[in-house]
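Enquirer: Chains as they are written, first to last, in this note's numbering: chain C, 7 to 163; chain S, 12 to 269.
Be a bit skeptical, because a hint or two may be false.
[As the list claims (entries may be wrong)] Cβ-Cβ distance ranges computed for the label pairs, FRET-style:
| hint | chain 1 | residue 1 | chain 2 | residue 2 | range |
| --- | --- | --- | --- | --- | --- |
| 1 | S | SER196 | C | LEU37 | 35 to 43 Å |
| 2 | S | LEU142 | C | GLN67 | 15 to 23 Å |
| 3 | C | ASN128 | S | SER196 | 55 to 63 Å |
| 4 | S | ASN262 | C | THR100 | 25 to 33 Å |
| 5 | C | LEU37 | S | LEU190 | 26 to 34 Å |
| 6 | S | ASP143 | C | LEU162 | 49 to 57 Å |
| 7 | C | ILE78 | S | LYS132 | 21 to 29 Å |
| 8 | S | LYS251 | C | SER107 | 26 to 34 Å |
| 9 | S | LYS251 | C | GLY114 | 50 to 58 Å |
| 10 | C | ASN130 | S | LEU190 | 36 to 44 Å |
| 11 | C | LYS111 | S | GLN160 | 24 to 32 Å |
| 12 | C | GLU51 | S | ASN229 | 34 to 42 Å |
| 13 | S | LYS152 | C | LYS134 | 38 to 46 Å |
[Claimed, not checked] For lysine to aspartate or glutamate, the following EDC-like pairs were computed, each having C-alpha atoms within a straight-line distance of at most 20 Å:
| hint | chain 1 | residue 1 | chain 2 | residue 2 |
| --- | --- | --- | --- | --- |
| 14 | S | LYS132 | S | GLU105 |
| 15 | S | LYS71 | C | GLU77 |
| 16 | S | LYS152 | C | GLU77 |
| 17 | S | LYS66 | C | GLU51 |
| 18 | S | LYS141 | C | GLU77 |
| 19 | S | LYS156 | S | GLU120 |
| 20 | S | LYS71 | C | GLU60 |
| 21 | C | LYS88 | S | ASP199 |
| 22 | S | LYS61 | C | GLU145 |
| 23 | C | LYS134 | S | GLU68 |
| 24 | S | LYS162 | S | ASP199 |
| 25 | C | LYS59 | S | GLU70 |
| 26 | S | LYS141 | C | ASP55 |
| 27 | C | LYS146 | S | GLU149 |
| 28 | S | LYS252 | C | GLU77 |
| 29 | C | LYS82 | S | ASP258 |
| 30 | S | LYS132 | C | GLU149 |
| 31 | S | LYS69 | C | GLU60 |
These are computed hints drawn from the structure, not numbers from a lab. Where is the CB? At the ideal position from N, CA and C, for every residue including glycine.
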Amino acid sequence: MKNKKADMGETITLIIATTIIFFILIIFFYLTNAIADFKFKKHAEVVADYSNKEHALISLQAFLQTPLKTEIGGIKSNILVKDLMRINTGSYDTMLQQEASEIFKPFGICYFISVGNLKSGNSNFASKMIILNLPVNSEKNVEVGLAVNSQCLENLK
Amino acid sequence: MIIKFQIKGKKAQLIGLGLALIVLIVSGIALGKFITAKTGVADLFNSPAKILELKQEKEKFEFYARESAILAVAEAYREIADAGGFTGSDCMVESGYLKFCDLNPNINEEFSSEIEAKMNKFVSAYPNTKLDAELNLEFNKITYKVSTQDKKINLDSEKKQLKGSAEGFFAYSFTYDFLPSFSLSFDDLNLNSFKEIKAKAEGCIKLEKTGDIETCMNELQFNSAIKKAESKVYFDLISKKRYFIGDAYKNIVLKFSY
Numbered sequence: 007m008k009n010k011k012a013d014m015g016e017t018i019t020l021i022i023a024t025t026i027i028f029f030i031l032i033i034f035f036y037l038t039n040a041i042a043d044f045k046f047k048k049h050a051e052v053v054a055d056y057s058n059k060e061h062a063l064i065s066l067q068a069f070l071q072t073p074l075k076t077e078i079g080g081i082k083s084n085i086l087v088k089d090l091m092r093i094n095t096g097s098y099d100t101m102l103q104q105e106a107s108e109i110f111k112p113f114g115i116c117y118f119i120s121v122g123n124l125k126s127g128n129s130n131f132a133s134k135m136i137i138l139n140l141p142v143n144s145e146k147n148v149e150v151g152l153a154v155n156s157q158c159l160e161n162l163k
Numbered sequence: 012m013i014i015k016f017q018i019k020g021k022k023a024q025l026i027g028l029g030l031a032l033i034v035l036i037v038s039g040i041a042l043g044k045f046i047t048a049k050t051g052v053a054d055l056f057n058s059p060a061k062i063l064e065l066k067q068e069k070e071k072f073e074f075y076a077r078e079s080a081i082l083a084v085a086e087a088y089r090e091i092a093d094a095g096g097f098t099g100s101d102c103m104v105e106s107g108y109l110k111f112c113d114l115n116p117n118i119n120e121e122f123s124s125e126i127e128a129k130m131n132k133f134v135s136a137y138p139n140t141k142l143d144a145e146l147n148l149e150f151n152k153i154t155y156k157v158s159t160q161d162k163k164i165n166l167d168s169e170k171k172q173l174k175g176s177a178e179g180f181f182a183y184s185f186t187y188d189f190l191p192s193f194s195l196s197f198d199d200l201n202l203n204s205f206k207e208i209k210a211k212a213e214g215c216i217k218l219e220k221t222g223d224i225e226t227c228m229n230e231l232q233f234n235s236a237i238k239k240a241e242s243k244v245y246f247d248l249i250s251k252k253r254y255f256i257g258d259a260y261k262n263i264v265l266k267f268s269y
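All chains, please: the whole structure from these sequences, using the hints.
Expert: The following block contains the structure:
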């Protein structure tokens, strides 16, 4: 009888210990999972942000190389967007804005472009712009920024 | 025969319990450190972001450097063309036209040094980026050495090592070797080297009619107007493309006689 009681006590201790270990394992499992979730989410954000900026960088460089037909100083010329931006004194703003709207039409409401006073597109993406410096002369540069949001583009489809 | 191992005695049981508790506490502390060591974890997650950001900063500078080089070449070319620096020092001005008696023997060196001075001025005006303070990028301290070959302008610079690191629980460091050198060709710029212009002019003047000489010269990146007077041929070349020089959009003009 005495031995049986002692055996029961031992078994109860083992059950309690196993339960405690089991709960500790569950807690560890959930914590590890939560950390991993956070890590992957953060990683996905980093990758998405990089890919958006890379997309914007390529699009912006292509936009700057776009030839336009216009009249400068009374002479009809083929001028590149980047050169028009360089000589821009405000008089070509409307033209640049129209051109930007036309070129970035496929991006719908998922882009934002900024050149000096000229701002066009969805201002919600303004903080995610990639900014290129366009040299004008040895003392002056023009900042040109573009943001493209791939998630927004995905939702448009 | 059954052999049972048992911890016997209260002291032994306490030691066992104590050991188990220590293991639990140490594991708990390790996990706690991992979760709460915010700077460490943040750095670990931020490091790929920083590397990618650095790559984009490099690409942005490469764009700026190439654009600066195009402006520097156009400016230097126009200055040499305006000053008649493409001819040898013995060549005289006759009837308002510089006689292209000889090609300046130092044209490549002079042209390169003009581009170099302008290019390095442009680069020094490159604005610091927000990563500058952290990673010491200092793109605007890069200097270029320019050399001109027949159809190519080389802009060489020393290799720049971009470094990033952070201390903390998950300390990291990385180095990125960046070689900012690149080259431009006269064709890319819609220009011709002065040597090429001389060779073309020497070939074209063999034709009799001014119209034919013009057609021949128009094969270059310039539109030409040719006049003949006495035994001389006068060339007025105007670039087909306009360039942003100084603060205006201009053509490059070359005037010489043969």
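Enquirer: Under the criterion that the straight-line Cα-Cα distance not exceed 20 Å, is the pair C:LYS82, S:ASP258 satisfied?
Expert: 19 Å, holds
Enquirer: Per the hint of 26 to 34 Å, is the separation of the Cβ atoms of S:LYS251 and C:SER107 within bounds?
Expert: 30 Å, holds
Enquirer: Need the status of pair C:LYS134, S:GLU68: alpha-carbon distance at most 20 Å?
Expert: Holds, at about 15 Å.
Enquirer: Take the C-alpha atoms of C:LYS146 and S:GLU149, compute the straight-line distance between them, and say whether it is at most 20 Å.
Expert: 18 Å, holds
Enquirer: Is it true that the CA of S:LYS71 sits at most 20 Å from the CA of C:GLU60?
Expert: It holds: about 11 Å lies between the C-alpha atoms, which stays within 20 Å.
Enquirer: For the pair S:SER196 and C:LEU37, does the Cβ-Cβ distance stay inside 35 to 43 Å?
Expert: 60 Å, violated
Enquirer: Could you check the hint for me, namely that S:LYS251 and C:GLY114 are 50 to 58 Å apart, CB to CB?
Expert: Since S:LYS251 and C:GLY114 have Cβ atoms about 38 Å apart, the given range 50 to 58 Å is violated.
Enquirer: When you take the CB atoms of C:GLU51 and S:ASN229, is the distance between them in 34 to 42 Å?
Expert: Distance hint for C:GLU51, S:ASN229 is violated at roughly 56 Å.
Enquirer: Can the suggested window of 38 to 46 Å be confirmed for the beta-carbon pair S:LYS152 and C:LYS134?
Expert: For C:LYS134 against S:LYS152, whose Cβ atoms are near 29 Å apart, the range 38 to 46 Å is violated.
Enquirer: Between S:LYS141 and C:ASP55, is the straight-line Cα distance small enough, at 20 Å or below?
Expert: 17 Å, holds
Enquirer: Holds or violated: the 26 to 34 Å window for the beta-carbon distance between C:LEU37 and S:LEU190?
Expert: 45 Å, violated
Enquirer: Taking 24 to 32 Å as the stated bounds, is the beta-carbon spacing between C:LYS111 and S:GLN160 within them?
Expert: 43 Å, violated
When held up to the earlier numbered hints, the structure conflicts with 1, 3, 5, 6, 9, 11, 12, 13, 14, 15, 16, 18, 22 and fits the remainder.
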